[in-house]
Amino acid sequence: QEHTFKLHHLLSEKAPAHTQMLAPWAEKVAANSGGKVKIDIYPAMSLGGKPPELIQQARDGVVDIIWTVNGYTPGLFPRTEVFELPTVYTNDTVATNLAMRDMFESDLKQEYNGVEVMFLHVHAGQGIHMVDKATRKPEDFAGLKMRIPTRTGAWIIEALGASPVGMPVPALPQALAKKVVDGAFIPWEIIPPLKIQEQTKYQIEGADKVRFGTTTFQVSMNADRWNSLPEDVQKAFRDASDEAWVAQVGDIWRASDEFGIGLAVKAGNEHITLTQEETDAMNTALTPVVDRWVDEVSAKGIDGAALVDAARAAIAKHQQ
Amino acid sequence: MDALLIGFAGLFVLIGLIAIRMPIALSMILVGGIGVTILNGPAIFFSQLKTLAYGQFSIYDLSVVPMFVLMGNIASKAGLSRDLFRAANAWLGWAPGGVAMSAIAACAGFGSVCGSSLATASTMGQVALPELRRLNYSGALSTGTLAAGGVLGILIPPSIVLVIYAVIVEANIVTMFMAAMIPGLIAVVLFLITILIYVMINPESGPAGERPDRAEFISATVNLIPVLTIFGLVIGGIYFGYFNPTPAAAIGVFLVWIYGMARGFVKIPELRDALLETARTTGMIYLILLGAEMLKIFMSRGGVPQAMAEWMANSGLTPMTIMIILLVALIVLGCLMDSLSMILLAIPFFWPVLVEINGGDYVDAANAGFGMTTEDLKIWFGILALIVVELGLITPPVGMNVFVISAMAKDVPMIETFKGVMPFFMAEIVRVILLIAFPALTLWLPAYLSGG
Amino acid sequence: MGPVARFIQGWALAGGVVLLLVVLMNAYSVIGSMFGAPFAGDFEMTQMGVAIAAFAFLPYCQISGSHVTADIFTSNASPVWIARFELLASIVAFAFACLLIWRMYAGMLNQKEYDYTTTILLVPHWWAFIPILMSLALWICASLITLRDAATRTLGR
Ligand code: NA
Ligand code: NA
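Chains as they are written, first to last, in this note's numbering: chain A, 1 to 320; chain B, 321 to 772; chain C, 773 to 929.
Take these hints with a grain of salt, some might be off.
From the structure, some residues in chain A lie toward chain C, with a derived Cβ separation under 10 Å [what the hints assert, rightly or not]:
{"#": "1", "residue": "P52"}
{"#": "2", "residue": "I55"}
{"#": "3", "residue": "T73"}
{"#": "4", "residue": "P74"}
{"#": "5", "residue": "D107"}
{"#": "6", "residue": "K109"}
{"#": "7", "residue": "Q110"}
{"#": "8", "residue": "G114"}
{"#": "9", "residue": "V117"}
{"#": "10", "residue": "K145"}
{"#": "11", "residue": "R151"}
{"#": "12", "residue": "A154"}
{"#": "13", "residue": "S163"}
{"#": "14", "residue": "G166"}
{"#": "15", "residue": "Q199"}
{"#": "16", "residue": "I272"}
To be clear, the hints were calculated from the coordinates, so they are not data collected in a lab. All figures in this text were calculated on a predicted structure; none of them were measured in a lab. Glycine residues also receive a C-beta, built at the ideal position from the N, C-alpha and C atoms.
The whole structure should be built from the sequences, with the hints applied where relevant.
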């Protein structure tokens, strides 16, 4: 092998993100390069530091490639954040991944200084997990305490009249069990590792799997490393991260989400799908979140309204 | 292969540096930093240093450490130790060996608000040692009891070493605290039995104390209410999930502080002393943490933990043999370093070995090497490791608890103190055997409490 | 105790006060959440406050000799040899503190340049680096003090 890369990420080597996404992608790159490239994956922050440091590690060349959650460093990727908003991201992982790819060169690339993005993706979206209350309408959330999923997720909770509570993900099962929080906004995919089905009765989502915001992720390489690579090697990376791949990533995350909710249902939980009317009422209540985001990014000189429209249009284009 | 060799060489250099009195944290920093530089050049190490220390020092789960340290330090000033000993004495003091038993009970009580062994030994030593000597308890029994009793500071939750363990292996701190409870109580019972047997064999070493009058009995018992309330709120709150460990520790500091102020025991000078003591302990712990992270980076890049895990898994030894080898290795390392450094240094190597021989992260209990899920193994091994690393505090050549108590009891030669802790050491070995033979002693309570 | 050492002790106490503030904030948040109004930023403020406090403790640990060492192999060494070992340890501490202040200064510029903030309250992380860099500067001073002490003792005072 002529080129060896260290890929660093935060989850365990048994996590679906590692086994089903990162490892197959690394193999794809290696195969495309005709064996010139080898990517060693270091899971669970084994090369040191805490998850929010990953992006800086890629920029500094401490590691070559990272997979990270954009939201760990709030404010760094304000434009990409548009895809995390409720009513912008609704239910389609594949279309959203493709939309991010479409808008990357024109709208997003500028905020990824010092790294070369391989691909961006989302998870299947924040579903609602409730301990003992089947919340179907925005009013049902009044006075409840809900765990914050992301920065804009906190706004969702406020928009619904509930109190946002910050806590690390591993503390969530305990907090749900003792009703320190009444519920949480997180994707179904978190159900199996945290055994959320044991602490909750209800998993709630909108009609047609509509969710309430999502989280964006990136796989990125140190920019200097990228620029130093010969064209054929760059092509091996590009080909491994093409449209078909990001669509496949969308399917992978959808599948692990389905697995999670299947587990909860099998454990006897009630999986509630809101009616179209109820879903619309929730989305109406969440419109202020989008407005708040537009206002906030405007202060940074970003045309948020245009980004929202462009993102919605790009997602819609791929949904057909 | 080359990288692996450099990694192992690094471990030898580390031991050499520690042996010539280089602070353990700095030894790790030096070996980690130079090691990464040799393997991958200086740029990586320099870049990583930009945020590594800030990242480590701001780990949320670790924030309970300075808080529990502070709580213990304020509690020492607030007179909680005196209240505990007085009450225990009212209940047990009249029996043969009873004052020593009271000291153990009071150590256990103090351990329930203090996360460290040394703090428990020194605080309870100040209170109980004069009383034991006044009643003509033998030097060996009185100092041995207190040195051993100090260990309860860490065996009864909250426990700083357990927090660090939980952070390294990504276990739930609350679960670890729950798991430590029954083993901690077993330690108390075994220590009490040890004293009973000791005074049966040597009646003159532990004469009976005075029987308290009714008024003293009631007043001493009533005095316990504040300690019990604070313990109930903090640990009860954590166990029953009403708060996370950090807010619980904060509430604990707050209550102990208010209580100390209300009694007039904690004024500005006492608070100042407690803060400076906390600064010394916290700074020491956090620097070791940074050193351990730097060492981990070097070792991961060299492939050492992976190689060790693979080698142990393919060694053909039974899982139980490997477990015992690892525990013995911890006892031996205990001659060289303190419990915290040991946990930070050894667990990142030992834990992957155990995961590997158990059959991976998500193995079924039925197919696992240890006959339990890896989550359960994490809890069980954590408690066993906690006990054996704490044994180092009471064994020669470096037994920190023994040193602390010896320094207080000027008239008792240190060798007497080491003789005095021997029976307790045997009791600890009995306990380790019990916990290995019956994992349920460790695993039942967390399962029960999180299920209910 | 010289004026520098006294300042270092005062700095550690200031770190202790930050820790007490974190304690009070957490206590307030628990009480607040009982009445339905938890303080959403408690998590990140705890992280930042404890980090600032922990750095503030490092110089005091250096002058008070709080960093644990293993004394088993050197317990019979002569005082001059012990002083030599301590001199070496002070040199390492000095070198590391210098390296760290240089690198964390670069880290601060990075944090500022890329606008790293906390999640909920959007507090810039580089703010925390200011007291931290001050702590590291004091750690350099502290290691010079212990270095001088050890050097004096190697000369058989
Ligand atoms: Na304790
Ligand atoms: Na020892």
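Going through the hints against the structure:
1. P52: holds, 8 Å
2. I55: holds, 8 Å
3. T73: Given a least distance of 6 Å, the restraint on T73/A holds.
4. P74: Since the shortest Cβ distance to chain C is 5 Å, the answer is holds.
5. D107: violated, 19 Å
6. K109: violated, 16 Å
7. Q110: violated, 13 Å
8. G114: Constraint on G114/A satisfied, holds at 9 Å.
9. V117: Violated, because the Cβ-Cβ distance from V117/A to chain C comes to roughly 16 Å (cut-off 10 Å).
10. K145: Holds. Min distance 7 Å.
11. R151: holds, 5 Å
12. A154: holds, 6 Å
13. S163: holds, 6 Å
14. G166: holds, 4 Å
15. Q199: Cβ of Q199/A sits 18 Å from chain C, so the hint is violated.
16. I272: violated, 25 Å
Hints 5, 6, 7, 9, 15, 16, counting from the list given before, are not met by this structure.
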